[in-house]
Structure formats: structure tokens, C-alpha cells
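What follows is the residue order along each chain.
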Amino acid sequence: MAGAGKKASGLSPAVQRLAALPILIVVATRRADGSVQLNPVWFELKDGYIWLNSNTRRTWPKNLQRDREATMLLVDPKTPERYAQIRGRLVSLIPDPRHEFIDRLADRYTGKAFRELEPDEHRVTLKIQPLSVTGDLL
Amino acid sequence: MAVQLSSKMQEFTQEVFPAIIGTSRKDGSVEMVPVWFEFKDGSFWINGGTNRGWFKHLQRDPRITLLLIDPKTMWRWAQVQGRMVDWAEDPGGEHINHLSHRYMGRDYQNPRTGRIKIQIEPLRVTGAIDGWGR
Chain H
1 MAGAGKKASG LSPAVQRLAA LPILIVVATR RADGSVQLNP VWFELKDGYI
51 WLNSNTRRTW PKNLQRDREA TMLLVDPKTP ERYAQIRGRL VSLIPDPRHE
101 FIDRLADRYT GKAFRELEPD EHRVTLKIQP LSVTGDLL
Chain F
1001 MAVQLSSKMQ EFTQEVFPAI IGTSRKDGSV EMVPVWFEFK DGSFWINGGT
1051 NRGWFKHLQR DPRITLLLID PKTMWRWAQV QGRMVDWAED PGGEHINHLS
1101 HRYMGRDYQN PRTGRIKIQI EPLRVTGAID GWGR
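Respectively, the protein sequence lines represent chains H and F.
No gaps in the numbering here: position 30 of the first sequence is 30 in my numbering, and each next residue is one more.
My numbering runs 1000 ahead of the 1-based position in the second sequence.
The reader is advised that the hints may include incorrect statements.
[Stated by the list, open to error] So these bits of chain H aren't anywhere near chain F, every CB distance computed over 10 Å:
| id | residue |
| --- | --- |
| 1 | A14 |
| 2 | V26 |
| 3 | L45 |
| 4 | R87 |
| 5 | V91 |
| 6 | P95 |
| 7 | E100 |
| 8 | A106 |
| 9 | R108 |
| 10 | F114 |
| 11 | L117 |
| 12 | P119 |
| 13 | T125 |
[Unchecked claim] Simulated coverage check for chain F against chain H, where a stretch passes if three residues somewhere in it have a Cβ under 8 Å from a Cβ of chain H:
| id | segment |
| --- | --- |
| 14 | 1001-1009 |
| 15 | 1029-1043 |
| 16 | 1056-1065 |
| 17 | 1074-1081 |
Keep in mind the hints are simulated off the structure, nothing from the lab.
Glycine included, every Cβ here is placed at the ideal spot set by N, Cα and C.
This is chain H alone, in the form it adopts within the complex (with noise of 0.2 Å):
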């Protein structure tokens, strides 16, 4: 595999520390053209796996279903340029009907629960397992 790093068999205590912030992780995926698409979200690192949530509609949830394979990158608030590269695989796809997850996730970021959702939308959470890492923060 390409750009294989360290082995996450488990996240090291720095990038741990890092994840436990209540920052953005941002998700690269590949829309259907090939061209790279990224996106800052919410997410839980927990029992080892990292957990995101969206609206179904979205692309990036598209093309991770497609794929099944994402990287992600942890920046360092306080200093940019110190960041962890995660490249792991989707295991799986949860329906969030009562949208539990998104309310827990939008605890962690906005101490409230999630705001109500828009006719239509229904929330996935995707359970994703680390399968290297890269970066500077290792």
C-alpha cells in the first residue's frame, strides 16, 4: 500500500491526545471523476475506530460507500503544520434513525443536542477502522 505509514494497530498517545479535542478531522474521499474532495467533520475516536456521522444526501458519505477506503487528517490547533494522516477503511454503515450519534457528537462540539432534522434528511453513522498513519505526530 502506498504512503503506508505506521501501522495503527493502535493510535498513538499524541494522536489520541489530538483526537480527544474537539476539532474537525477532514475526510478525503474521490468523487466519481477521480478529482479529490475534502471535507472538515465532526468525529468520535472510540474503541479504536473513528466514528463520523452525515446526512445521507451528501457526496463524501457517497463516495466513502464507494470506495469503502478514506484518509484523514488531525491538525494541530496550536501549531498547523503538526498534523497525523489517517488512512482507513469503512467497516461499516450504521442508520442513525434516532439520530443518537449525531446528538453525541453534537454534544461533544456544542455541549447541545443536534439540531432538528430537515424534512428528508436522514443521518448514517460510518464506522471506520485506522489502518496506518503518516505525519509528523505519529
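Assemble the complex: chain H is given as a structure, and chain F must be docked to it using the hints.
Relative to the frame of chain H, chain F by itself:
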């Protein structure tokens, strides 16, 4: 075709934070790296070395995506889909030194040899600065 940045976006690009660039590896996976940039004369300019992985990717596939995100207020972000239109040697490291002044307020501290500057034409802008897009 290149797009013109809105005035809000032009102001945003004057703020000092690294851009996260995304390029495609040969195997189709994405590499992301934070880099110094400036927006000038309608293009984004970044600096690197010919040995950088991301530059090799761009020589194969010139499409590049930049994420501009305020590290202190991460809701303020914009995604720029672009294309490398040109690159040139940076003799004497003049451009990297210019970027160093923008970011660090001082001369570039590392070796200035073997540097190149890369011109990126913006093709599409989405994100929170111009209003939401997909």
C-alpha cells in the same frame, strides 16, 4: 475554466493559516499535506521540492484540491478544486522566503536550494465561506 474568487473568499485567502492540499496517488488513494500558500493574481501559489510525493502526483494528475480552514474556528472553511497550470524553479528560494515572511514574519530558516513554486488555477469553490455547497 478558472473561476474568480468572491470578495469574501479573497479576504479569507489573506488570512494566515496553511492550506491542506489533497492529491491522488497512483493507487487512487489520497494524500493530504498542510502547506504554506498565497493567493495572488487569481491563482494559488505553493512551494515545494521536486522530490515531494504530492508534486509527483500532480505531474501525473494535475488536479488538486485545497482546503482552507481557520484552525482556530474550524467552521470557517472553503474547498477549492483546482489544477496545477504551471511550476517553475524558485531560484535562490525567493518565493519560499516570501511565504516565510507571510507565515513566520522572518526569513526562511531552512536551505533555499532545490525549491519550486507551483501555480494552481481555481476551478470551483464550495464550503462555508461562500455559502454551502456539496
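Status of each hint after checking the structure:
no., hint, result
1, A14, "holds (16 Å)"
2, V26, "violated (6 Å)"
3, L45, "holds (17 Å)"
4, R87, "violated (7 Å)"
5, V91, "holds (17 Å)"
6, P95, "holds (21 Å)"
7, E100, "holds (23 Å)"
8, A106, "holds (13 Å)"
9, R108, "holds (13 Å)"
10, F114, "holds (15 Å)"
11, L117, "holds (16 Å)"
12, P119, "holds (17 Å)"
13, T125, "holds (20 Å)"
14, 1001-1009, "violated (count 0)"
15, 1029-1043, "holds (count 6)"
16, 1056-1065, "holds (count 4)"
17, 1074-1081, "holds (count 4)"
Checked against the numbered hints above, the structure violates hints 2, 4 and 14; every other hint is satisfied.
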